[in-house]
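Could you build the full structure based on these sequences and the hints that come with them?
Below, each chain spelled out in residue letters.
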Amino acid sequence: MKKYLKTHEWAELNGKIATVGISNHAQEQLGDVVYVNLPEVGKTVKAGEVFCSVESVKSASDVYAPVSGKIKEVNKALESTPELINKSAEGDGWIAKIEVSNPKEFDNLLDKDAYDKFVKDSE
Amino acid sequence: MELKKTPLWSEHKRLGAKMVEFGGWEMPLQYTSIIEEHKTVRESAGIFDVSHMGEILVEGPDTLRFVDKLITNSVSKLKNGEICYSPMCYENATIVDDLLAYRFSENKILLVVNASNTDKDYEWIISQKHGYNVDVKNLSKDYAQIAFQGPKAEQILKKISGVDLSRISFYTFTLGQINGINCIVSRTGYTGEDGFEMYFQPDAAVALWRKLIEIGGKEVKPCGLGSRDTLRFEATYMLYGNDIDDTTTPLEAGLGWTVDFTKPTFNGKEVLLRQKENGVSKRLRGFEIDGGIARHGYEIFDGEKKIGHITSGTKSPTLNKSLALGYVETQYSKIGSEVLVDVHGKKVKATVVKTPFYRGSVKSK
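Line by line, the protein sequences give chains G and W. So for the first sequence, the working numbering puts the first residue at 70; every next one is plus one. So for the second sequence, the working numbering puts the first residue at 15; every next one is plus one.
Keep in mind the hints are simulated off the structure, nothing from the lab. Wrong hints could be hidden among the right ones.
Only pairs whose alpha carbons sit at most 20 Å apart, straight line, appear in this in silico PhoX-like list of lysine-lysine [said to hold, decoys possible]:
1) G/K127 / W/K335
2) G/K156 / W/K32
3) G/K112 / G/K139
4) W/K348 / W/K377
5) W/K277 / W/K83
6) W/K53 / W/K360
7) W/K335 / W/K53
8) W/K363 / W/K172
9) W/K32 / G/K127
10) W/K319 / W/K296
11) G/K189 / W/K32
12) G/K156 / G/K139
13) G/K71 / G/K166
14) W/K91 / W/K283
15) W/K368 / W/K335
16) W/K363 / W/K319
17) W/K368 / W/K296
18) G/K145 / W/K335
19) W/K360 / G/K112
20) W/K290 / W/K277
21) G/K156 / W/K53
22) G/K156 / G/K85
23) W/K134 / W/K18
24) G/K127 / W/K53
To give an idea of the interface, some chain W residues facing chain G are shown, with a C-beta separation under 10 Å as derived from the structure [stated by the list, open to error]:
25) K32
26) S47
27) G95
28) T328
29) P331
30) T332
31) V357
Glycine is no exception: its CB is placed at the ideal position from the N, C-alpha and C atoms.
Following this line, the structure appears as structure tokens:
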């Protein structure tokens, strides 16, 4: 089950590995994604901190780590086809897989209904 | 402060455009996708609401002499019905604004200026008119403007044009009817493609806008400021506030072709003459960026030494490369010269490349 941040990232936990990306709402707001500054594999990230950036034609946007842990894998396909994020932000356009150090952090994230409501209320 | 709206604002909302603030105006950034809109202009034609642009009219017996003092290019050398692009400089040769000067007659010139600079330009022009018999009016509210740009612009616009478009050559204009509305029609633009700009009364804007979309069918898209910026960037047209401003001169920006040193006098002439003789210390150049995207304000280095800054940058939708414009110290400005750009704290390689990055269907003189 996907969970979300108010800064418009998502994470989905499978065992100890969380797949993370930006939300569909975030990609709609960004417009055409032309470059993804992927994090380094092996790097340790902390929940709530910037761990990479996504660039649209117009601007660069920071992406915050939904959970703490170590980057195990990044979505290499984004190097040649960053537009995958526009096509499938919450699927094929995932950004990284993080080995989580504290699965309890997931409890701090919003479930889909709460996130959708947050997006609607902030419009 | 409330944002200003063009007469097409409700059309943009109706079409579901993403709106942004630009120079005090609420303008469409994009309707669907910047890249799609960009490609439509490169391949067929796009329609842009540029009603936010400012129009300042200079009239009177001293018009030519006065405008030639204000700008670096020469309106005395134009024929009636011709247009020139020019920077307008301060005494110290830095740039107040860049503009188009439409020569109606020896006694009448219309200056088309950047939206965000209109008030500043008007005040500056008024401050300069002492001793010249001219009348200066800010007519920006009286004009709506639509740009219709792309290789197919002429063949599509022909359908609703009361004037023979083929007789409007590059950087000339005529008065005539488009869609039954009296317009100033010029073969000018800010995209690197062939096309026209039309100036007319604001209450006719919605009808003309809808008509262009209707007759264009699948070949035409409404385009926002996002693609206007990427298109002008590839064609290496200056964006005031990014690539040129009151800290840069026309020669530093590579606009030497717009400076007519044969004129007896004009604002900035002495400084520009000195720069021409001694060379400039910094130069605007095009760069190809090796990884990441360099944007306005990013710093340029030689090793640890700061040698310049980026003024515009994006991933070129046409060339599919990360490109940028920026000022570097002259010694680094040779084509092929390698420098470093700080992109999010990482120094990436950048190579000086030729500009314009892309040459489209735009005509030449």
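Right, here's what the structure says about each hint:
Note on G/K127 and W/K335: the hinted pairing holds, with a Cα-Cα distance of about 15 Å set against a maximum of 20 Å. For the given pair, G/K156 sits about 19 Å from W/K32 by alpha-carbon distance, which is consistent with the 20 Å threshold. Distance restraint check for G/K112 and G/K139: the Cα-Cα separation of roughly 6 Å lies within the 20 Å cut-off, and the hinted pair is therefore satisfied. For the suggested pair W/K348 and W/K377, the alpha carbons sit about 28 Å apart, so the restraint of at most 20 Å is broken.
At most 20 Å may separate the alpha-carbon atoms for a hinted pair to count; W/K277 and W/K83 meet this at roughly 9 Å. Of the supplied pair hints, the one linking W/K53 and W/K360 is violated, its CA atoms being roughly 31 Å apart against a limit of 20 Å. In summary, the hint linking W/K335 to W/K53 is supported, as the alpha carbons are separated by about 15 Å, within the 20 Å threshold. Proposed proximity of W/K363 and W/K172 is contradicted: the alpha carbons are some 47 Å apart, above 20 Å.
As the CA atoms of W/K32 and G/K127 are separated by approximately 13 Å, the hinted pair is consistent with the 20 Å bound. Annotation: proposed proximity of W/K319 to W/K296 holds, straight-line Cα distance about 15 Å (limit 20 Å). For the hint linking G/K189 to W/K32, the alpha-carbon distance of about 17 Å falls within 20 Å, and the restraint holds. Straight-line distance between C-alpha atoms of G/K156 and G/K139 comes to about 27 Å, which puts the hinted pair past the 20 Å bound.
For the proposed pair G/K71 and G/K166, the alpha carbon gap of about 13 Å is at most 20 Å, so the pair holds. At roughly 18 Å between alpha-carbon atoms, W/K91 and W/K283 fall within 20 Å of each other, so this suggested pair holds. As the CA atoms of W/K368 and W/K335 are separated by approximately 14 Å, the hinted pair is consistent with the 20 Å bound. For the hint pairing W/K363 with W/K319, the CA-to-CA distance comes to about 14 Å; that is within 20 Å, so the pair holds.
Taking the CA atoms of W/K368 and W/K296, the gap is about 16 Å. The hint holds against a cut of 20 Å. For the given pair, G/K145 sits about 18 Å from W/K335 by alpha-carbon distance, which is consistent with the 20 Å threshold. Under the criterion of a C-alpha separation no larger than 20 Å, the hint pairing W/K360 with G/K112 is consistent with the structure, at around 16 Å. As the CA atoms of W/K290 and W/K277 are separated by approximately 15 Å, the hinted pair is consistent with the 20 Å bound.
A distance of roughly 19 Å separates the Cα atoms of G/K156 and W/K53; the hinted pair therefore holds under the 20 Å criterion. Proposed proximity of G/K156 and G/K85 is contradicted: the alpha carbons are some 27 Å apart, above 20 Å. Distance restraint check for W/K134 and W/K18: the Cα-Cα separation of roughly 16 Å lies within the 20 Å cut-off, and the hinted pair is therefore satisfied. The straight-line distance between the Cα atoms of G/K127 and W/K53 is roughly 16 Å, inside the 20 Å bound, and the hint therefore holds.
The criterion of a C-beta within 10 Å of any C-beta in chain G is met by W/K32, whose closest approach is roughly 7 Å, and the hint holds. The restraint placing W/S47 at the interface with chain G holds, with a minimum CB-CB distance near 5 Å, inside the 10 Å limit. The beta carbon of W/G95 is not positioned within 10 Å of any beta carbon in chain G (closest approach about 37 Å), and the interface hint is therefore violated. The closest approach between the C-beta of W/T328 and any C-beta of chain G is roughly 6 Å, which is under the 10 Å cut-off, so the hint is satisfied.
For W/P331, the interface hint holds, since its Cβ comes within 10 Å of a Cβ in chain G; the closest pair sits about 7 Å apart. With its C-beta approaching chain G no nearer than about 12 Å, W/T332 sits outside the 10 Å limit, and its interface hint is violated. With 10 Å as the threshold, the beta carbon of W/V357 comes within range of chain G, its nearest partner Cβ sitting at about 8 Å, so the hint holds.
Hints 4, 6, 8, 12, 22, 27, 30, counting from the list given before, are not met by this structure.
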